[in-house]
Amino acid sequence: MFKIRFAVLMPVLFVFLFLGKSAYTANESLNSLAKSYASLVSHYYDEVALKTKSLHKSIVQFTENPNNSNFNEAKNKWIEARMVYGITEAFRFYGGPIDGVNQYGEEGPEGLINAWPLNEAYIDYVKGSPNAGIVNNMTIDINKETIIAANMSEDDADVSTGWHAIEFLLWGQDFSLETAGKREYTDYLPENDTNKRRKEFLLAASSLLLEHVNWLADEWSKEGEGRKSFLAKNDPGGAILTGIATLAGFELSSERIATALDSGDPEDEHSCFSDQTHNDVKANFNGIKNVYLGKGLNGLNFTPSISEFVMDKNMKLHEDIMQVLNSTNNSINNITVPFDKMLSEPKDGPGRQAAEKTVSNLLVLAENFKEAGKNLNWNVIIAE
Numbered sequence: 450m451f452k453i454r455f456a457v458l459m460p461v462l463f464v465f466l467f468l469g470k471s472a473y474t475a476n477e478s479l480n481s482l483a484k485s486y487a488s489l490v491s492h493y494y495d496e497v498a499l500k501t502k503s504l505h506k507s508i509v510q511f512t513e514n515p516n517n518s519n520f521n522e523a524k525n526k527w528i529e530a531r532m533v534y535g536i537t538e539a540f541r542f543y544g545g546p547i548d549g550v551n552q553y554g555e556e557g558p559e560g561l562i563n564a565w566p567l568n569e570a571y572i573d574y575v576k577g578s579p580n581a582g583i584v585n586n587m588t589i590d591i592n593k594e595t596i597i598a599a600n601m602s603e604d605d606a607d608v609s610t611g612w613h614a615i616e617f618l619l620w621g622q623d624f625s626l627e628t629a630g631k632r633e634y635t636d637y638l639p640e641n642d643t644n645k646r647r648k649e650f651l652l653a654a655s656s657l658l659l660e661h662v663n664w665l666a667d668e669w670s671k672e673g674e675g676r677k678s679f680l681a682k683n684d685p686g687g688a689i690l691t692g693i694a695t696l697a698g699f700e701l702s703s704e705r706i707a708t709a710l711d712s713g714d715p716e717d718e719h720s721c722f723s724d725q726t727h728n729d730v731k732a733n734f735n736g737i738k739n740v741y742l743g744k745g746l747n748g749l750n751f752t753p754s755i756s757e758f759v760m761d762k763n764m765k766l767h768e769d770i771m772q773v774l775n776s777t778n779n780s781i782n783n784i785t786v787p788f789d790k791m792l793s794e795p796k797d798g799p800g801r802q803a804a805e806k807t808v809s810n811l812l813v814l815a816e817n818f819k820e821a822g823k824n825l826n827w828n829v830i831i832a833e
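Under the working numbering, the first residue of the sequence shown is numbered 450, with each subsequent residue one higher.
Mixed in with the good hints there might be a few duds.
[As the list claims (entries may be wrong)] In silico BS3-like pairs for lysine-lysine, Cα to Cα no more than 30 Å straight-line:
1. 500 <-> 671
2. 731 <-> 631
3. 731 <-> 502
4. 500 <-> 593
5. 631 <-> 593
6. 790 <-> 731
7. 506 <-> 744
8. 731 <-> 806
9. 790 <-> 576
10. 484 <-> 731
11. 731 <-> 671
12. 790 <-> 631
13. 823 <-> 731
14. 765 <-> 484
15. 682 <-> 762
16. 796 <-> 731
17. 506 <-> 645
18. 682 <-> 819
19. 744 <-> 502
20. 744 <-> 500
21. 762 <-> 484
22. 631 <-> 502
23. 806 <-> 744
24. 631 <-> 645
25. 631 <-> 796
26. 645 <-> 593
27. 744 <-> 682
28. 484 <-> 823
29. 823 <-> 765
No lab work stands behind these hints, which were simulated from the structure alone.
All chains, full assembly: derive it from the sequences and hints.
Right under this line is the structure:
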């Protein structure tokens, strides 16, 4: 009798335990995903803060001792820091610290960090207008407060802070398809008030950028409010996929590549003064890929990752995503460098075709991420 009773009860008990464990495991897995992602974000913002500190230090050194060697060092440090920052753009578009609105109605600092395109004449002299810009307007004090107040105050192109303001102050306008802008270090020799004001502008913009990326690193630290807010989300997987789907399906594909392809205008490049747009594209794409796979710098892995959830639910979809990621990586590597040289190619030029292929791949990738969200019952919205 005992054996028969056990045989009858065992399946019921097994089903109860299995269902209970599944519900527990699902919740724990989502919590683990949120924590893993938060650690990934913190990892990258810490590196951005470190690289930006090095950039600011080099700018201080250059302004204290303006010579060609120090000038080139500052430009190299800008490129290094910019490459890491580009990866972090995969952490946008879901109301996080970078571009969300907090409980006090305050917007994140994205518009102060990475606004573009930039009207050069709003900041400094340009070809044909030697007295243009804030630098040449002696009635405006130059400090962190004034350039924040001036940033996009009347027009979105009136950018006075962030990566691209610093970029313009280091490289100047770019008139060549072969090389970047050729601003001379002599623009910073302390021989007149205009040069001194240009130095003050560069220092203020660099100091502000460092403050803003340090704030982002703090927000995502273990005790940061941004991390706490993210970990409290009901749908962290949906937020993560929304970020990379929007970067792939709108911001990178449309705003940063297709717009320039359609216009053929180098002014529509992302980093047009330094000729680093190709690296912007690579960094943004690497951000998408690294979030999906849970990849950090120097071979670090952050698990569980989104890809593990997709594999568990739909292996074929994961394989499709990996195929598109590989194809996109190849097409990006075949885009002509510099980007403005590619824009001058005929429609059937190989570099231009590679850029077009990159756009179409990114759009497919975004749809794949949306499909992954449906499979996992996560809410994925491509913001435009």
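Okay, the hints, checked on the actual structure:
{"no.": "1", "hint": "500 <-> 671", "verdict": "21 Å, holds"}
{"no.": "2", "hint": "731 <-> 631", "verdict": "24 Å, holds"}
{"no.": "3", "hint": "731 <-> 502", "verdict": "23 Å, holds"}
{"no.": "4", "hint": "500 <-> 593", "verdict": "21 Å, holds"}
{"no.": "5", "hint": "631 <-> 593", "verdict": "26 Å, holds"}
{"no.": "6", "hint": "790 <-> 731", "verdict": "17 Å, holds"}
{"no.": "7", "hint": "506 <-> 744", "verdict": "29 Å, holds"}
{"no.": "8", "hint": "731 <-> 806", "verdict": "14 Å, holds"}
{"no.": "9", "hint": "790 <-> 576", "verdict": "21 Å, holds"}
{"no.": "10", "hint": "484 <-> 731", "verdict": "26 Å, holds"}
{"no.": "11", "hint": "731 <-> 671", "verdict": "29 Å, holds"}
{"no.": "12", "hint": "790 <-> 631", "verdict": "16 Å, holds"}
{"no.": "13", "hint": "823 <-> 731", "verdict": "28 Å, holds"}
{"no.": "14", "hint": "765 <-> 484", "verdict": "26 Å, holds"}
{"no.": "15", "hint": "682 <-> 762", "verdict": "22 Å, holds"}
{"no.": "16", "hint": "796 <-> 731", "verdict": "22 Å, holds"}
{"no.": "17", "hint": "506 <-> 645", "verdict": "18 Å, holds"}
{"no.": "18", "hint": "682 <-> 819", "verdict": "19 Å, holds"}
{"no.": "19", "hint": "744 <-> 502", "verdict": "24 Å, holds"}
{"no.": "20", "hint": "744 <-> 500", "verdict": "19 Å, holds"}
{"no.": "21", "hint": "762 <-> 484", "verdict": "21 Å, holds"}
{"no.": "22", "hint": "631 <-> 502", "verdict": "25 Å, holds"}
{"no.": "23", "hint": "806 <-> 744", "verdict": "25 Å, holds"}
{"no.": "24", "hint": "631 <-> 645", "verdict": "19 Å, holds"}
{"no.": "25", "hint": "631 <-> 796", "verdict": "29 Å, holds"}
{"no.": "26", "hint": "645 <-> 593", "verdict": "15 Å, holds"}
{"no.": "27", "hint": "744 <-> 682", "verdict": "22 Å, holds"}
{"no.": "28", "hint": "484 <-> 823", "verdict": "22 Å, holds"}
{"no.": "29", "hint": "823 <-> 765", "verdict": "14 Å, holds"}
The earlier numbered hints are all upheld by this structure, with none contradicted.
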